[in-house]
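Novice: What follows is the residue order along each chain.
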Amino acid sequence: MQQSSISALFGALSNETRMAMVANNLANVTTAGYKADRVSFQDVFQRMATDYSPDARNDLQQKQLLPKPLVVAKPRLAEQTVDATQGGLNATGNPLDLAISGPGFFRVQTPEGQFLTRNGQFYRNNQGMLVTNQGYPVMGQAGPVAIPEGQTVTVTGDGQMTVDGQIVGSIDVVDVPDVKQLKKYGQSLFTGPNNSQPVTQPVDRSKTSVYQGYLEQANVNVVSEMVAMIEVQRSFEAYTKIISSTQEMDQQASTKVGETR
Amino acid sequence: MMRSLYTGTTGMVAMQLQIDTMANNLANVNTLGFKKSRAEFEDLMYQTLAVAGTQNEGGSRLPTGLQVGMGVRPTTVHKFFTQGDFQNTGNQLDVAISGQGFFRLQDAAGNDVYTRAGAFKLNQDGTVVNANGYTLQPAFTVPQQATNIVITERGVINATDGQGNVLATTTIPLYTFINPPGLTALGRNVYQISEASGAAQELTPGDQNAGTLVQGFLEMSNVQMVDEMVGLIVGQRAYEANSKTISTADAMLQTAVNLKR
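The listed protein sequences correspond, in order, to chains A and B. For the first sequence, counting from 1, position 244 maps to 239 in the numbering used here; every step adds exactly one. Just add 16 to wherever you are in the second sequence, counting from 1, and you've got the numbering used here.
FYI, nobody ran anything at the bench for these hints, they're computed from the structure. Hints may contain errors.
To be verified - Below are the DSSO-like pairs computed for lysine-lysine, each with C-alpha atoms no more than 30 Å apart in a straight line:
#1 Lys276(B) with Lys236(A)
#2 Lys260(B) with Lys236(A)
#3 Lys137(B) with Lys95(B)
Based on the sequences and whatever the hints tell you, model everything.
Specialist: In structure tokens form, the structure reads like this:
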């Protein structure tokens, strides 16, 4: 088989994966606190077998016997990163909807350890604990936050929670040294590599504040996702065109060359 | 098959729920004491194609992994128990609650249900009931000679005759829940206690966070028409974007299938 069809196959497969990521971004366009996936490609250099031929020996009367060593690029997905840019804030008026403006994450206690989230759709459960959609407790600086029943819950910019003027706890907002190290777990949660507890550090208070009554929207840009989708589709088509052209060439070689006239 | 086909499907299904929820809010825009709902979403699980930290061909460790998300799923339809607007009716048996409490009613089968719709009526025995004939608890019967019913903001209900003599009196308590969104909506403007809502706490109107009663007023729904309209637009566009995902994935599949002639 010709090298070009293998190269094109790699390209088509990479684009299929990219398409899956675009699809996931678009599916989560209304998920609060969702962070878009970005993907980048790299070319992988494949050396031909002729590289290893002792060149000089094959030189008969200064003429090369074997073709020049070829370098064939195969595009491949190199890495996928989480786009950590801020999503827009949407006013909901619900006192238990919290949004983080700036870097940082809420800490959530799950049965598998402490994970991070930017989705601030919180509830008060039947024990009065502040929990996520899944019922996981939201961590404060001193363990899970309990909210006694009361008229008004107020959350200040630094996460301090008061009910009817009484301080009941402080919601912990933490930062991570490298957002790229975070892994998406699903359920709007981020974990460290291999579902480990993410490494956290105190958040820079001058950059981060908590907004009460707001939700952070997904930072998915529909227009750029649509453009990416066109790009994916067209390059997929181009790659398949390469495969079919190669196939044609192979066919011609096997039927025409050496044909008795 | 292509992941993105199914990812797009999850997005369309989620947006369907968003539109359904908004449609119900809009349908109940004039329902007394109706509380609006909001559909909430989270990202689905991720498929890990490359684990972060594995060694690459060059021997160095990959700084990030490769994860492909599988779409979105609805988590909850959250009811918002914010105060609705008041409407002045002048009717003596129309009572609005200004605050967080609920009235307790007893349905025909003798079960306790809770409501915020305070449009009460008298049945054939002179007992205070709601539009479905559920009795307000504690049951209060207005004597036939009574000409006037007075309900104070602290929940005292008096039936008086033309001379101002009190013929019957009782106090209507209000009930609060630690997690009102956990109540089960039964339709017909009434709610039932669930595991998530916590037990009903009986309070005298005006105490703690129960709220006070306002005679001659009704609580309208808390649906904001503009919010719902914007939500419909967002839902529709996200639905369209996800359908575009499916058609693009389909076009790519078609190109791939057409490779083999």
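Novice: For every hint, state whether the structure bears it out.
Specialist: Now the hints, each set against the structure:
1. Distance check on the hinted pair: Lys276(B) and Lys236(A) sit about 11 Å apart at the alpha-carbon level, within 30 Å; holds.
2. Pair hint Lys260(B) plus Lys236(A) holds up; C-alpha atoms about 23 Å apart against a cutoff of 30 Å.
3. With a CA separation close to 27 Å, the supplied pair Lys137(B) and Lys95(B) stays within the 30 Å bound.
Every hint from the earlier list agrees with this structure, and none is contradicted.
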